[in-house]
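Chemist: Sequence:
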Amino acid sequence: MTEFILIRHGETDWNVQGRLQGRTDIPLNSIGIEQANLVAGELRASEWDIIVSSPLQRAYQTAAVITRALGMDESVIITNADLRERSYGAVEGLTVAERDARYPDHVWPDAESTPELNERAARAIEEFAEIYAGKRVLVVSHGGWIRAVLRVVSNFDKHVIDRVIPNVSRSYVSHDGERWHIGEIAVPPAVGAVADR
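Each residue of the sequence shown is one higher than the last, beginning at 155 in the working numbering.
One should not assume that every hint holds.
To be verified - Just the calculated beta-carbon pair ranges, DEER-fashion:
| hint | residue 1 | residue 2 | range |
| --- | --- | --- | --- |
| 1 | G247 | P209 | 27 to 35 Å |
| 2 | A235 | A199 | 38 to 46 Å |
| 3 | M155 | D179 | 20 to 28 Å |
| 4 | T178 | E228 | 16 to 24 Å |
| 5 | R198 | D259 | 42 to 50 Å |
| 6 | A276 | D179 | 23 to 31 Å |
| 7 | R256 | R290 | 16 to 24 Å |
| 8 | D316 | G247 | 19 to 27 Å |
| 9 | K289 | Y257 | 19 to 27 Å |
| 10 | R177 | E281 | 15 to 23 Å |
| 11 | H313 | T268 | 29 to 37 Å |
Unchecked claim - Here are the simulated SDA-like pairs of lysine to any residue, each with C-alpha atoms no more than 25 Å apart in a straight line:
| hint | residue 1 | residue 2 |
| --- | --- | --- |
| 12 | K289 | Q215 |
| 13 | K312 | E273 |
| 14 | K289 | A340 |
| 15 | K289 | A218 |
| 16 | K289 | L224 |
| 17 | K312 | Y326 |
| 18 | K312 | S267 |
| 19 | K289 | S308 |
| 20 | K312 | K289 |
| 21 | K312 | A340 |
| 22 | K289 | G247 |
| 23 | K289 | Y326 |
| 24 | K312 | I339 |
| 25 | K289 | E188 |
| 26 | K289 | E273 |
| 27 | K312 | A283 |
| 28 | K289 | R277 |
| 29 | K289 | R333 |
| 30 | K289 | S200 |
| 31 | K289 | G337 |
| 32 | K289 | G195 |
| 33 | K312 | E270 |
| 34 | K289 | I205 |
| 35 | K289 | A276 |
| 36 | K289 | A244 |
| 37 | K312 | E338 |
Source of the hints: derived by calculation from the structure; they are not laboratory data. Only a predicted model underlies this, so the values are computations on that prediction, with no experimental measurement involved. The C-beta atom is built at its ideal place from N, Cα and C for all residues, glycine as well.
The whole structure should be built from the sequences, with the hints applied where relevant.
Modeler: See below:
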């Protein structure tokens, strides 16, 4: 069985402002760092064979906090461009209200489509299931990417695909060599689980 924990990055200033980040490389804010420490504190009790992260700094910073809490060096983090957030093209940096006012038809120039995102997420998670077969894999990525993985591995189950993925929430999926299994989705860290800094 190949086990995956999918973790969304911690909070950024653009999350607070309601801005679409997409591929724009926004760092964690102080709350995001604290959130990463919370989830890291909970993960210290478990062992992970592989740590993979989006190269965008909000995800990588979250992965680095977790990696240190696990007693590992940051150099073990594998970055993979297929884990980046959906590209929102011309609407990156806008709030949803600004986006809707400028593009009421919901056609956003240069944006990655949902089918393209689903294909990219499926390619990545299927590749990981193959090359890391039998391992426990910790993946730090983005809300849109995690939702895309859940869409694909659930066969677009409506009870799974519409879930909100909050910052530093954990979603669990596994692959038995033939099919996918979905565990808990969007589990928040418990209060008081802060890792040593």
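Chemist: Taking the hints in turn, state whether each one holds.
Modeler: We went through each hint and held it up to the structure:
1. G247 x P209: 27 to 35 Å: At 19 Å between Cβs, range violated.
2. A235 x A199: 38 to 46 Å: Since A235 and A199 have Cβ atoms about 31 Å apart, the given range 38 to 46 Å is violated.
3. M155 x D179: 20 to 28 Å: Roughly 35 Å apart at Cβ, these two residues miss the hinted range, so it is violated.
4. T178 x E228: 16 to 24 Å: holds, 23 Å
5. R198 x D259: 42 to 50 Å: holds, 48 Å
6. A276 x D179: 23 to 31 Å: Roughly 24 Å apart at Cβ, these two residues keep to the hinted range, so it holds.
7. R256 x R290: 16 to 24 Å: violated, 44 Å
8. D316 x G247: 19 to 27 Å: 26 Å Cβ-Cβ, so the 19 to 27 Å window holds.
9. K289 x Y257: 19 to 27 Å: violated, 42 Å
10. R177 x E281: 15 to 23 Å: Distance hint for R177, E281 holds at roughly 20 Å.
11. H313 x T268: 29 to 37 Å: violated, 18 Å
12. K289 x Q215: holds, 23 Å
13. K312 x E273: Between K312 and E273 the Cα gap is close to 18 Å, so the pair holds against 25 Å.
14. K289 x A340: Cα-Cα ~21 Å, so holds.
15. K289 x A218: Distance ~20 Å between K289 and A218 Cα, so the pair holds.
16. K289 x L224: With a Cα-Cα distance of about 16 Å, the restraint between K289 and L224 holds, given a limit of 25 Å.
17. K312 x Y326: holds, 17 Å
18. K312 x S267: holds, 19 Å
19. K289 x S308: Answer holds: K289 to S308 is near 21 Å, not above 25 Å.
20. K312 x K289: violated, 29 Å
21. K312 x A340: Since the Cα atoms of K312 and A340 sit roughly 15 Å apart, the hinted pair holds (cutoff 25 Å).
22. K289 x G247: violated, 37 Å
23. K289 x Y326: Within the cut-off at roughly 14 Å; holds.
24. K312 x I339: holds, 13 Å
25. K289 x E188: violated, 28 Å
26. K289 x E273: At roughly 23 Å apart (the allowed maximum being 25 Å), E273 and K289 satisfy the hint.
27. K312 x A283: Roughly 24 Å between the alpha carbons, so the hint for K312 and A283 holds.
28. K289 x R277: Holds - the C-alpha atoms of R277 and K289 are around 18 Å apart, at most 25 Å.
29. K289 x R333: holds, 16 Å
30. K289 x S200: holds, 13 Å
31. K289 x G337: holds, 16 Å
32. K289 x G195: holds, 21 Å
33. K312 x E270: holds, 19 Å
34. K289 x I205: holds, 11 Å
35. K289 x A276: Roughly 18 Å separates the two Cα atoms, so the pair holds.
36. K289 x A244: violated, 39 Å
37. K312 x E338: holds, 15 Å
Against the hints set out earlier in the document, violations occur for numbers 1, 2, 3, 7, 9, 11, 20, 22, 25 and 36.
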